[in-house]
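2 protein chains.
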Amino acid sequence: MDYYKKRTLTFPNSYVIDGYTVAGPKENDGRYKGFFDLALEDDMFGQNTFERAERKMFEHAIDGVIGKANLTNADVDALVGGDLLNQIISMSFSARKQHAGFLGLYNACATFAESLIVGSCLLNNGLENVVCIAGSHFSTAERQYRYPLELGVLRSPVTQWTATGVGATVLSNQCETSTPKVTRATIGRVVDYGIMDANNMGAAMAPSACDTLVTFFKDTETSPDDYDAIFTGDLGKLGSDILLDLTKQEGYDISAKQHDCGASLYWDEQQTYQGGSGAACSALVFNGVLLGRLRKGEYKRILLAGTGALMSPTTSFQGDSIPAITHLVEVCF
Amino acid sequence: MDYYKKRTLTFPNSYVIDGYTVAGPKENDGRYKGFFDLALEDDMFGQNTFERAERKMFEHAIDGVIGKANLTNADVDALVGGDLLNQIISMSFSARKQHAGFLGLYNACATFAESLIVGSCLLNNGLENVVCIAGSHFSTAERQYRYPLELGVLRSPVTQWTATGVGATVLSNQCETSTPKVTRATIGRVVDYGIMDANNMGAAMAPSACDTLVTFFKDTETSPDDYDAIFTGDLGKLGSDILLDLTKQEGYDISAKQHDCGASLYWDEQQTYQGGSGAACSALVFNGVLLGRLRKGEYKRILLAGTGALMSPTTSFQGDSIPAITHLVEVCF
Chain A
0 MDYYKKRTLT FPNSYVIDGY TVAGPKENDG RYKGFFDLAL EDDMFGQNTF
50 ERAERKMFEH AIDGVIGKAN LTNADVDALV GGDLLNQIIS MSFSARKQHA
100 GFLGLYNACA TFAESLIVGS CLLNNGLENV VCIAGSHFST AERQYRYPLE
150 LGVLRSPVTQ WTATGVGATV LSNQCETSTP KVTRATIGRV VDYGIMDANN
200 MGAAMAPSAC DTLVTFFKDT ETSPDDYDAI FTGDLGKLGS DILLDLTKQE
250 GYDISAKQHD CGASLYWDEQ QTYQGGSGAA CSALVFNGVL LGRLRKGEYK
300 RILLAGTGAL MSPTTSFQGD SIPAITHLVE VCF
Chain B
0 MDYYKKRTLT FPNSYVIDGY TVAGPKENDG RYKGFFDLAL EDDMFGQNTF
50 ERAERKMFEH AIDGVIGKAN LTNADVDALV GGDLLNQIIS MSFSARKQHA
100 GFLGLYNACA TFAESLIVGS CLLNNGLENV VCIAGSHFST AERQYRYPLE
150 LGVLRSPVTQ WTATGVGATV LSNQCETSTP KVTRATIGRV VDYGIMDANN
200 MGAAMAPSAC DTLVTFFKDT ETSPDDYDAI FTGDLGKLGS DILLDLTKQE
250 GYDISAKQHD CGASLYWDEQ QTYQGGSGAA CSALVFNGVL LGRLRKGEYK
300 RILLAGTGAL MSPTTSFQGD SIPAITHLVE VCF
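Just so you know, the sequences run in chain order A and B. Heads up, the first sequence is in numbering that gives the first Met the number 0, so the first residue is 0 and it goes up one at a time. Heads up, the second sequence is in numbering that gives the first Met the number 0, so the first residue is 0 and it goes up one at a time.
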């Protein structure tokens, strides 16, 4: 693996005040049943289109996390995040209801980790409270990226299932009580190993996850032993296996520590094949599961490595391969 | 206008090392002929699709600005920016050729100003050199957002013309010689006045430009008199007129200082009606024109207010209005 230049940032004052999650019905039937703040019974969420349902999930998550952090809307300086829809409309339209500034992000399913990085930078530049957020919706993503839902296309066994959910985090530049902190982060670079199969995104993303993890370990002179858990975003089962091989080749054995947010989201009988994908995976697991484990002392230091595949239907039609990116944050308590 | 909370950041060490521009043929036939580093004779740029031409423009602009700043690719810590295509593919795919980290942004035509804000924050968090970049291409945007080019649809007199071009800036956290600096910025919030006409984006964006400008003046206790020029991104002629009215109602007369990057890009006989639009407008004018004027002493303090309309074809089809955002940066020399 090529190693170029330090890409790791240190954040002295990025406190995770709280997280909030809205999960779809299938997600709340999965392995993390009961971990989410709001579980939808119907993924239409009372709206007349799937896109408006996704938007309403974002609106709920923003208001939810602000309330849970004991803030008012007027206390929030900035919203930072995005979604998978063209022109990140779920995020942009939901931001209309807030007074806060808005920085729209897009790094596919790595957007949640990206939002924690940009949010932490903003705190270091004088902002007080920032909401970091990302999410996705199976039915909007499926019809935008793949096929009309009504077509009932058979899925390949290497595919993943776009998770329905939104996760939001309030980061603040100070906190009176003891709370987890985003302490360091590595900004991912775009890695393209020439994978052409848009149904096998785990394989496309694993080299980028390896690149970012190894860069972080080198930059910080740490190793997998220093962490209680390393959560990748949505490599899925096959992508995780590839990552374990690749990191081992680089001299880092993460097999005892690595979990994948997407792969861990569903039970096998839910037939998602390689597990969940989508920007919701890491946002749901970080805010719904990992923050709680950090607070309970089950984890003291973890890494979240958000993985994203940066292609579009247009690039696939035009015969391009699938570039990928992985942003990593270190969270300690 | 509602005023909530300070959204203005101060950057102590965000030096503008240099800018680089790639412009389309129509743009280089306009009012800024000869101001661009590379002017294309053919907007296909030797590629077999318009999307690949746009990507190649991004690749050229990144390499061009790195070279012009006397850096090598390995000196750059991060690329920060985006474009108007779904999944910001022009930016993401061009980032493959670099070693630097990448943060993908999307705030429509406000993306260039957004990139200067995020880039400046990164410098304040320890990065040394960041490339901020945005752009657009008439032929990719037209067929993605509106109609097939071959259809030859007649255009309404309130429309604008998506500019073809890419502008990139190297920001560094130190500079041995005297150079312009990004000194302050106001993060825009999403403003939606309920405008439904996707052909009249100037009207949709003007209230957001007013919101951000007035917020900046209040936050910093400055007035239009403190600036040599105030460049809005792509309000067009009609949108600029609306902005002058709105800011006057708020007690700020910017009529002697305001110029619009998009409206100033073309001659009347080029039949772009309200002028240029697209992420390229502010990126081309800032890097191709304004930096030079700052260096020559024609301007000492300017404001760049990047304007963006955050809708998508899907939201228009589903009957939604057009939310807008404006990010502002102050640049001084």
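Hints are not guaranteed to be accurate.
A pair holds if it fits inside one copy or across any two, identical chains being indistinguishable in the list.
[What the hints assert, rightly or not] DSS-like cross-link-like pairs, simulated, lysine-lysine; straight-line CA separation at most 30 Å:
#, residue 1, residue 2
1, Lys-4, Lys-67
2, Lys-4, Lys-180
3, Lys-32, Lys-217
4, Lys-5, Lys-180
5, Lys-96, Lys-295
6, Lys-295, Lys-4
7, Lys-299, Lys-96
Quick caveat, the hints were computed from the structure, so don't treat them as lab data. Keep in mind it's a predicted model, so treat the numbers as computed, not measured.
How the hints compare with the structure:
1. Lys-4 x Lys-67: between (39 Å within a copy, 20 Å between copies)
2. Lys-4 x Lys-180: both (25 Å within a copy, 25 Å between copies)
3. Lys-32 x Lys-217: neither (37 Å within a copy, 48 Å between copies)
4. Lys-5 x Lys-180: Both, since 21 Å and 24 Å are each at most 30 Å.
5. Lys-96 x Lys-295: Classified as neither: same-chain Cα gap 34 Å, cross-chain 43 Å, threshold 30 Å.
6. Lys-295 x Lys-4: Classified as neither; 36 Å inside a copy, 35 Å across copies.
7. Lys-299 x Lys-96: neither (36 Å within a copy, 37 Å between copies)
Against the hints set out earlier in the document, violations occur for numbers 3, 5, 6, 7.
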